[in-house]
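Those sequence lines, one after another, are chains A, B, C, D and E. In this text, residue positions in the first sequence follow the numbering used here: the first is 1, and each later residue adds one. In this text, residue positions in the second sequence follow the numbering used here: the first is 1, and each later residue adds one. In this text, residue positions in the third sequence follow the numbering used here: the first is 1, and each later residue adds one. In this text, residue positions in the fourth sequence follow the numbering used here: the first is 1, and each later residue adds one. In this text, residue positions in the fifth sequence follow the numbering used here: the first is 1, and each later residue adds one.
Think of the hints as simulated: they come from the structure by calculation, not from any bench. Some hints here could point you the wrong way.
[Said to hold, decoys possible] Straight-line C-alpha distance at most 25 Å; calculated BS3-like pairs for lysine-lysine: (1) C:Lys340 x C:Lys357; (2) D:Lys170 x E:Lys211; (3) D:Lys110 x A:Lys264; (4) A:Lys147 x C:Lys52; (5) A:Lys275 x B:Lys301; (6) D:Lys76 x A:Lys264; (7) B:Lys117 x A:Lys27; (8) D:Lys222 x D:Lys170; (9) C:Lys267 x C:Lys182; (10) A:Lys185 x B:Lys301; (11) E:Lys170 x D:Lys222; (12) D:Lys211 x A:Lys264; (13) B:Lys227 x B:Lys301; (14) D:Lys110 x D:Lys92; (15) A:Lys147 x C:Lys53; (16) A:Lys275 x D:Lys133; (17) E:Lys110 x E:Lys133; (18) C:Lys52 x B:Lys62; (19) E:Lys133 x B:Lys227; (20) E:Lys110 x D:Lys211; (21) B:Lys301 x E:Lys211; (22) A:Lys27 x A:Lys48; (23) E:Lys133 x E:Lys92; (24) A:Lys48 x B:Lys117; (25) E:Lys170 x E:Lys211; (26) E:Lys133 x B:Lys301.
One letter stands for each residue in the lines below.
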Amino acid sequence: MSVLSDIAAEVGDDVRTAARAPVESLKDARYTLEGIREGRVSAASVLKTAGITAGAVVVVALLLFPLYWVAVGAFSGTGASLYSSSGIRLWPADPTIEPFLWVVGDLILPSYRITMGLGGYELFVQTPELAFLDVSDYGVTETSNFKAFFVNSLTVAIPTVILAMCLIVPGAYALSRRQFIGRSKVLYGYVLFTQIGGGLGVALLIALYALFVQFGFNDNKLALSAYYAATAVPFNTWLLKTYMDGIPVSYEEAAMMDGAPSWKIVTEIILPLSKAGLATVFIFTFLTGWTEFVVAQTLLSTDNYTLPVGLYSLVGRYSIPWARFSAFALTFAAPIMLIYLFAQRYIEGGLSFGGMEG
Amino acid sequence: MSVVDSAVEKATDNPVVNKEDLPLLLVLPGLFVFLAFMLFPVMYLVYLSFTNAEPATLFQGKEQWVGLANYVTVLTDGQFWNSMWVTWLFVATSVALKVLVGIGVGLVVTGARVRGKRLMRALIIIPLGLPGIFTITIWRGIFSSAEFGLANQLLRSAGLGSVAWLSERWMAFIAYNVTEAWLAYPFMVIITVSALQDVSEELHEAAMIDGAGFFARFLHVTLPSIKRPVLFASILTAAASFQQFLIPYVFNQGGPSRTNELLIVYGYREAFRFQKYGEGAAIMLVAVLVIGAFMMLNVWKGRLADGVDDA
Amino acid sequence: VGVSETDSTSTPDESGNGGGDDGEETTAQEETESAGPAGTFTLWHQRAEAEKKALEQNAEAFTSETKHTADPAEIADLRKKTTSAIPAGQGASMFDWAHDWTGEYYQNGFLSDQSESLDVDLSVYTQPAQAAVQFDGATVALPYAAETVGLIYNEDLVDEPPETIAEMVSIMEEHHDPENGKYGLSYPLNAYFMSAWAHAFGGYYFDESNVELGLSKEATLDGFRLILDNFVPYQPKDTGYDPQAAVFLEGNAPFAINGPWFLGDVKSNGIDAGIARLPSPEGDAEPKPYTTVKQLYFTTRVDEDEAKAAAAREFAEWYTTNTDVLSNNAEEFGYIPVYKELAESGDLPAAVEGFSKSVALGTPIPSHPNMGDVWGPLEDAFNSVKNGDAELQSAFEKAESDIRSNWE
Amino acid sequence: MARLTLETLRKEYDRGRVVAVEDLSLDVDDGEFITVVGPSGCGKSTTLRMVAGLESPSGGTIRIGEEDVTDQNARKRDVAMVFQNYALYPHKTVMENMAFGLRMSTDLSKDARRERVRETAEMMGIEDLLDDKPDELSGGQKQRVALGRAIVREPDVFLFDEPLSNLDAKLRTTMRTEIQRLQNELGITSLYVTHDQEEAMTMGDRIVILKDGNLQQVGRPKDVYENPANEFVGGFVGSPSMNFLDVTAERDGDHLVLDDGGSFSYRLSTSFSESLREATDERNVRIGIRPEDVFTADDGANLVESEVGVVEPIGSDNYLHLDVAPDFIARVDSDVDPTPGETIGVTFDESDLHVFDSQTGESLLYRESKKQAAPAQ
Amino acid sequence: MARLTLETLRKEYDRGRVVAVEDLSLDVDDGEFITVVGPSGCGKSTTLRMVAGLESPSGGTIRIGEEDVTDQNARKRDVAMVFQNYALYPHKTVMENMAFGLRMSTDLSKDARRERVRETAEMMGIEDLLDDKPDELSGGQKQRVALGRAIVREPDVFLFDEPLSNLDAKLRTTMRTEIQRLQNELGITSLYVTHDQEEAMTMGDRIVILKDGNLQQVGRPKDVYENPANEFVGGFVGSPSMNFLDVTAERDGDHLVLDDGGSFSYRLSTSFSESLREATDERNVRIGIRPEDVFTADDGANLVESEVGVVEPIGSDNYLHLDVAPDFIARVDSDVDPTPGETIGVTFDESDLHVFDSQTGESLLYRESKKQAAPAQ
Ligand SMILES: Nc1ncnc2c1ncn2[C@@H]1O[C@H](COP(=O)(O)OP(=O)(O)OP(=O)(O)O)[C@@H](O)[C@H]1O
Ligand SMILES: Nc1ncnc2c1ncn2[C@@H]1O[C@H](COP(=O)(O)OP(=O)(O)OP(=O)(O)O)[C@@H](O)[C@H]1O
Ligand SMILES: [Mg+2]
Ligand SMILES: [Mg+2]
C-alpha cells in the first residue's frame, strides 16, 4: 500500500511541477535575457539553443503529423474521410466536436439517495443529479456504446494487470536473484516467446477457442484476462528481471542483517526499489488488455465487447465512418497517453536495461 | 518406516532438485499459466501441420494424416521462397530504418540544448496507445496511389510527380518500411532515450577535451554506450518485423501480385483464403522455427539472458 | 388412469453445450399458436447504425408478437467469429450475411438444412433468391433482399443518366481534371464491382454448374478491356473503396458505380444523387453484374434444440415475408426486395427501382465453395494488368492456374 | 555482546580455484574492537560476510558467544553490519531505515521502536534528519545513519566493511573518532574491515593483518608496528612505508657489518650480531627501517651518505626521498629542508632495525614477541 | 606549456542562486604545479571545468599563454584532464584510449600515433597493457592509463580532478610520487584538485585553498602551513587538525596572559604581547596550536594540566586526545603512552602559536607573511 501512496504522492509532485513549468521557464527566460544584457550569457549560445529547440519541435511535429491529420478528420464531423480529393486541410473546414460527443455520450451521474440509520431516525442525503455533459444539449441524439465498452475494457484490463503482476513479480525476482535448476532454460524460453507468441495464425485461434470452450470459459472476461496475463508473462517477466538485476545486492543483504525474512525483503525492499520496473510492466500488461483485438473479438459476445472490438465494429462492410472512427480511436488512446505522461520517468528508467551495460 | 525414511533421504539427496531450487516454485505459476494457454494451441498447430485439414474436414474430425506432405508442398513452393526472402529483406531494411529513426529521435529529445524535452517525449509515444489496425489503416490512406493521397500531395507540393505507391513493388515495399518504422518508433525511442540517459557524461567530457567534435563523440562515446540496449531492442523489433502481417495485408495483401507477400501473409493466405489449414499450419511453424532460431542466436550472441549472478 | 406426459418433444435443457450465447431456453408453453415450446435464439449481424437499429426494432416486434425471443447481437468481424465459434460448437443460431458463404459454410458443416422444417414455400421468393439459399439440395437460409451495383450520378453535374458507355465517357471526359481534384468516375475496382462488364460479352468468372473458370475467355477479357479503356482513365489512381467513394461524396465526380449501401453516405454528404442502371456497351451486350442475396443463415446450433430451431425458423419466415419490414428496408436502406409479392408489385421507391433494374440484369454470385478462391487471384491479375506489369491474356491465364492449384 | 570465535574458517570460490580465506582462526573477546586490514582482495570482506552469514564457509566454524552459528541464517544471528556504500534503503526515511531492524527482529511496539530510534539518533546527532530520505543526506550524514541503524539494534556483534572509505579525508578522521567514542560507550564486540592501515592502527584494540587469504599477524597496534612478524606486515603497517634494503652480513670480528654493495654499510653491535647469527645462517638478509627512525647526522659512526631526491613537505614534517634505495624515505622535522640534489648524511639506531629472511620474509629477531603478540592463535 | 591566468573568474548556477566560484583570480606560472584544495562543494571542480572549457564562466576571463580562451570550445583548447573516475572509453583498448586524443586533435599518421603512445606507455610502465580493455585493469593501472592518455597529447595545461581519490591508501601514495616524478620530467603547467590536504601539500609547488567559492590563501605549502591566513586554512591544512581555543587576553604588566576561563592559561612574552596588541584591540581572540607543537612536560612555565582521553597509536607517533578543549590533540612520540584517564602536563612554544580574530577568523599576526606568501594576487 505504501507503494501506492508513494506513487500518488509522486504523481502529485509531477502535476505540481507541470503546473509550475510555464512560470519557471518564464523566469529562466528573464534571467537569460538579463544575462545577455549584462554580458553574462553569450547571445550566440542562446540563439543556438533556440534554433536547436525549434529543430526538435519540427521533428516531433513531423512524427505526429499523421495523428494530427486524423484529429483534423475527427473534428470535421460526418462526411470526413481519410481521403480528401480537395487537397490537404490543416484545419477542419467546419470544426465540430460532434464526433467526440457521439463517442463519449452523456456524462450524467444519476441522483442517489444515501441513507443512514441513526437510532430510529433515518438520515438521508439525496445527491443532486450531476450532469457533466448532456450531449443532447449539443444536438447529438444517438451516441456510441463507448462507455459500455470502456467498462468492459476496464473489467478485462484490471484483472489482467493484477493477475499478470502476481505471475510476473515472483518469477522475475527468482530469475534475477536466485540460482536454481532450469533457470537459464526458462530465461531463454521467455526471451524466445517474447515475440513469437503472436502471429501463429487462424488455426491457433481456433485451437485457442476450442480450449476456452472446453473449459466453458468462452465469453468470460476473467478468462480473457487470464489469457492476456499469460501472454504477457514472458516479455514482462524478463523485463522486470532485467530491471531487478540493477538493484544492488547490498540492500538485500542489509535487510537480511536487519533480520528480515525473505518475503519481507521482497515486499519491503525489492518491490519498492523496483518501482520503475513495476510501472513499466504495469503499463505493458495494461496495454495488452487494452488494445488486443483478435482474441477478444472471438471470445466475447456483443455485450462484453472491449474498446478495440467496439472500435472495429464501426467499420462497415465497405466503408468506415471516418470522423467517428477517428474520434473513437483518439478517445480510446487518451487514457494511455495520460498514464504514460505520468509514468514516463519510471518507464524510461524501467527500460534502461541497467543490468545489461557492459 | 525405513523405506519411507530412505525415500525421503533419497529425495533430499537427489541432485536434480534440492533446497536451492525452491525459487523455481516462484517461476512455475507464470510458466504454467503461459504454457496452459500456449501449449495446447501450439501442439494443435503442430498436429494440423501433418494433416490435410481443411475447414470442411477439420470441423468434422475427418482430417487425415499426411505426414510431411505439407512441408514438402510448402518448401517446394516458389511463392514461399519469395516470401522468405522478401521477409528477410523487410527485416533488414525496416530494422535499419527503425534503429536510425529511434536513435535520431532519441538524440533529438535528449539534446542538451533542447527545451521542453519531457513534454516532447510524452507526445512522441502516443502511437503506442493506438490499436495497430487503426494506425495501419491511416497509413494505408497516406500511401494511397490516388493523386490526393497524403504522401502524393506532399510529393507534389515538393514539385515531384505522384507515385502509385501500392501498385509498384518497391514503392509498396518502401511504404511498408515507413509504416513499420512509425509503428515501432515509440518503443525504439523509449529504449534509446533510457540508454542515452545512462551514457556517462564524464566520457563525453573526456572526449571533448580530447578534441572530439559532436560527430566524433557520437561515434566514439554515445554509440558504444548505447549499443547493447539498442541491439536488444533491434532484436525484439526484428522479430516484430519478421511477423508483420497487418501492414502488407491492409495495404495491398502483400501485392502487387503477391510480390511483397511477407511470410505470415503468405501463411494466412494459404490457410485462410485458400482454406488449407494443414499447409497454413506448416508455414506458420516454419516461420516460428526460423524466427525462433534467429532469436536464439541473437539472445545467445548478445548474452541477453545474463543477469547479475551470471556476470 | 395414469399420469400422461404432456411434453414429450422437448426435454428440459441441460445446457449440455456449456453455456453458449443463446442464453436461457424457456420450457414448453402449450397454448401459443404454433406447436412446440417457446425458444430464444441469437442472431449475429454486422450491421451498423440505422440498419442495426432497424433490425433490433424488428426483433423486438417479433418477440412481442410471438412467444419466441429474438436476440440480435452485433459482431465486429463476422467471418472470423463464425469460423472460430461455430466449429467449436458455439455461436449463434442464426446470422445475417450475403449468400456468398452458402456453399463454403455448408460444406464446412456450419449450416443446418432446414428444408424439411420450413413452413414457407421457397417459391414466394424470386428465382435468384431461391437459388442463393440452397446448396446441394439443402435450404440453409432465407433471403430478404438483393443487392448489386448500379450507376449513381450527381444530379448537380449530370442532367440525364447516360444510356451507353460512350455517352458516359463523354460526360466523364468533361469533368475529369485531376490537377484540380476533379474526376470523371468513382468506381472501386474489385472483382465483385467489375463483374458486370466481365459478364457483359458472354464471359464469366466461374461457372458453378460445371465448376469451370472463364477468366481467360476472350469474352471475359473484353469486359476487362472495357474497364481499362473506358473507366480507369477517369478514376483516381487508388482504386480502393474509400478513395473512390471520397471523390463522389465530395461532389468531385459526376458518376459513381456502387451499391445501395453507398446511398447513406451520399445522403449525409448532401449530394443529390440519381440512380440508374449501368450503361450498355456497344452492340447488344448488356452489363450483367453479380448480385448478392442478403439472407438469414441457420447454423448447426439450431440442430441441438428444437425450440431454438423453431424460434429461428419462425423469425426468418416472418422477417423475409413481412411486407412492412421489407418495404421499410427498401425505403430506408435501398434493400431490393426478393419477396415476389413486393418485388413484383411495381411501387418500389425510386432508389430501389434503379438498383432493381440492375439486379434484374444480373446473375447471383455462385455460392459454390470454390468461388472463394477466385476473387484474390482475379484481382491480382487485373491489378497487374492495370499497373502495366502484365499482358491481359497471360495474367488471367496465370490467375486461372493459381486458382485451380488451390482447388486441388 | 558476546565473544566471537573463528576456527580454521575457510572459503573457496569457483570450485576451489580461488581460496579467498584460508583456515583463519581468530578469537575476539567480548567488547573487543578488532580491525582487519590488508591489501585489496586479501579476503577481508569475505571473512566479514561469513561472520555475518551472507556467505557460507567452505570449512571451519564460527561461534558467537557459546553458540555455533556456522550454519545459521544471517537473519537469525544477532549481528549488525555497516556497509561500505551504506546500503541505506533509499525509499525509506532515516527513521524507517533505523527502525526496520527493530521491526524485523524484535516485537517492540511501534512507539517503543520510535523511542529507541530517537534515542540512538540523539546519540549520533542526527535527530534532525529522521524524516529525510537518504538521497537528501551528505556522505557524512549517511554514514552516521548507517551506524545508527546498526547501533539501534544493540547486536551481539558489530561488523564494519570499510565504512569510511567513501568519505573525504577530513570527514574520515572525524567519523573515526566518532566510531571509537561509540565503541567505548557501547562496548560491543566489533570486527572492522579497512584497507587503510592508519585507520586500523588507530581504531583497533587489536589488529589483524591478512594477505591472500592468509593471516599474517594479530596483535595490539603498537606491537604489530614495532614487531612486524614479517616483511609484508612491516611494509604494510606504517606510513610512509618501512624502507627495505637487501644486504649481506659480513663478519668482522664479533661484529656483523651489513653491506648492500653500494654506499650503504652498517656495523652492528656484538649483542645484536650474536642474536642475528643465532637466528640465521644466511648471509643475505633483508633489513627494514622505518622512515621516522632515519635521522640526518653530520658525522658519527654508521653514517650513510646519500643524495636527496624529492622533498615532500607535509607541514609538520618533511619526507626526504633518498637514493639509498628506490623509495627510501626519511621522515624528518620540517626544519630539515635540504634542496633536491644535495648530499646529506643519514643514520639510524640499531634498535630500530628490523631484519627479515630474504627468502621467506619472516622476521628473524622477534619471534618471541610475535608469538606473544598473537595470543589468540 | 604555457602560463595560465584566471581573472575574477565567476560561476553561478540556478539563475544566480548558487555562486559556485566567486571572482577567483589566479596566476599559474609556466611549468608550475598548483594544487587546489578545499572541502566538498567549495568550487574546486567548477573552477577546473571552466579552465577545461566544460562550463562557461558567468564572468571573468581565462587566459592560456597569451590567448584569451574564455569563450573557446573545450576541444579547441590545448588542455588535458584526468578525471576522478578515470573516464576511460570502456570499449577501446588502452592503445586506442591513449591514441584517441592524438587522432582527434593532431593529424599524425596512424603509425606516428602508435609510436607516441608506445613511448608514453613505456614511460608510465604500462606498455604491456596496451591491448587490454579498461575493464581488465586494476584501479592503479587504470589511473596510469588515464595519466598516460593526458600526457601523450603534450598539452599546454594539465588538469587533474581528484585523480587519486578512488585508490586505496597505499596505492594513493605510490601514484602521488609517480605524478610528481612525471611532472618534474615534463614540466607542464598543472592544476590539481584534491580534497586531501596532505596530497595538496606534498604535491603542489603552490597550494590554493578555496572555501564556498572564495579563495582563502595561495602560497607555498610550507608557508601556508606555517602562516595560515585565517582560521579556516589553519584548521584545514595539517593532520590532525590545528587545535583551537577561545581565550581572553588579559593584561599583566607588559605581558598578555591568554586564559580560557578553565585550566588553560598561557603567559606571552613582551614582544609577542606587543605585536598582538598592535594587531587588535579585541580582548577575545582565538588561538591555534598544531598537535605536533604540543609537547608533554613535567614542569616549567605555561604548563597546562589536562586529562588524557583516547590514545591513538599510529605507529610512529601517538595522538593524545586531551580535555583542554574538545578535539584537542597532541601528537607525541610513540614512547609517550599515557593510560586514558591519566592527567599529564603539556605546553608549547610561543613561536608556534597562531592567533586569529574571533569574529572574522583572520590571522592577526601574520598579515605580512601572508601577503608575501600569495604573490600571485
Ligand atoms: N563471488 C565470488 N566469486 C569468486 N571469487 C570471489 C567472489 N567474491 C570474492 N572473490 C575473490 O575472493 C578474494 C577475496 O575477496 P574479498 O572481497 O574478500 O577481498 P577484500 O579483502 O574485501 O578486498 P577489497 O579491499 O577490494 O574489498 C578475491 O580474490 C576475490 O576475487
Ligand atoms: N550543475 C550544477 N547546478 C547547480 N549547482 C551546481 C552545479 N554544479 C555544481 N554546483 C554547485 O556548485 C558548488 C561547487 O561545486 P563543485 O562541484 O565545484 O564542488 P567541489 O569543490 O568540486 O566539491 P567536491 O569535492 O564534492 O567535488 C556546489 O555547491 C554545487 O552544489
Ligand atoms: Mg572488500
Ligand atoms: Mg569535485
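Do the hints match the structure? See the list:
Simply put, Lys340 of chain C and Lys357 of chain C have alpha-carbon atoms about 15 Å apart, close enough for the 25 Å limit, and the pair holds. Taken as a hint, the Lys170 of chain D and Lys211 of chain E pair is honoured in the structure, with Cα atoms around 14 Å apart against an allowance of 25 Å. Note on Lys110 of chain D and Lys264 of chain A: the hinted pairing holds, with a Cα-Cα distance of about 17 Å set against a maximum of 25 Å. In summary, the hint linking Lys147 of chain A to Lys52 of chain C is supported, as the alpha carbons are separated by about 19 Å, within the 25 Å threshold.
Simply put, Lys275 of chain A and Lys301 of chain B have alpha-carbon atoms about 30 Å apart, too far for the 25 Å limit, and the pair is violated. A threshold of 25 Å between alpha carbons decides the hint, and for Lys76 of chain D with Lys264 of chain A the separation of about 14 Å falls inside it, so the pair holds. Of the supplied pair hints, the one linking Lys117 of chain B and Lys27 of chain A holds, its CA atoms being roughly 18 Å apart against a limit of 25 Å. Annotation: proposed proximity of Lys222 of chain D to Lys170 of chain D holds, straight-line Cα distance about 24 Å (limit 25 Å).
Annotation: proposed proximity of Lys267 of chain C to Lys182 of chain C holds, straight-line Cα distance about 20 Å (limit 25 Å). Restraint check for Lys185 of chain A and Lys301 of chain B: satisfied, since their Cα atoms lie roughly 16 Å apart, inside the 25 Å limit. Distance check on the hinted pair: Lys170 of chain E and Lys222 of chain D sit about 20 Å apart at the alpha-carbon level, within 25 Å; holds. The straight-line distance between the Cα atoms of Lys211 of chain D and Lys264 of chain A is roughly 38 Å, outside the 25 Å bound, and the hint therefore fails.
Between Lys227 of chain B and Lys301 of chain B, the direct Cα distance comes to roughly 14 Å. Compliance with the 25 Å bound is thereby established for this hinted pair. Simply put, Lys110 of chain D and Lys92 of chain D have alpha-carbon atoms about 16 Å apart, close enough for the 25 Å limit, and the pair holds. Using a Cα cut-off of 25 Å, the hinted pair Lys147 of chain A and Lys53 of chain C holds, with the two alpha carbons roughly 18 Å apart. With a C-alpha separation of about 16 Å, the suggested pair Lys275 of chain A and Lys133 of chain D falls inside the 25 Å cut-off, and the hint holds.
About 20 Å separates the Cα atoms of Lys110 of chain E and Lys133 of chain E, which keeps this hinted pair within 25 Å; it holds. The straight-line distance between the Cα atoms of Lys52 of chain C and Lys62 of chain B is roughly 38 Å, outside the 25 Å bound, and the hint therefore fails. Simply put, Lys133 of chain E and Lys227 of chain B have alpha-carbon atoms about 17 Å apart, close enough for the 25 Å limit, and the pair holds. At roughly 44 Å between alpha-carbon atoms, Lys110 of chain E and Lys211 of chain D are farther apart than 25 Å, so this suggested pair is violated.
With a CA separation close to 52 Å, the supplied pair Lys301 of chain B and Lys211 of chain E exceeds the 25 Å bound. A hinted pair counts as satisfied when its Cα atoms are at most 25 Å apart, and Lys27 of chain A with Lys48 of chain A qualifies at roughly 19 Å. Simply put, Lys133 of chain E and Lys92 of chain E have alpha-carbon atoms about 6 Å apart, close enough for the 25 Å limit, and the pair holds. Using a Cα cut-off of 25 Å, the hinted pair Lys48 of chain A and Lys117 of chain B holds, with the two alpha carbons roughly 16 Å apart.
Among the hinted pairs, Lys170 of chain E with Lys211 of chain E is inconsistent with the structure: their alpha-carbon atoms are about 28 Å apart, more than 25 Å. At roughly 20 Å between alpha-carbon atoms, Lys133 of chain E and Lys301 of chain B fall within 25 Å of each other, so this suggested pair holds.
Of the hints listed earlier, those the structure fails to meet are numbers 5, 12, 18, 20, 21 and 25, in rising order.
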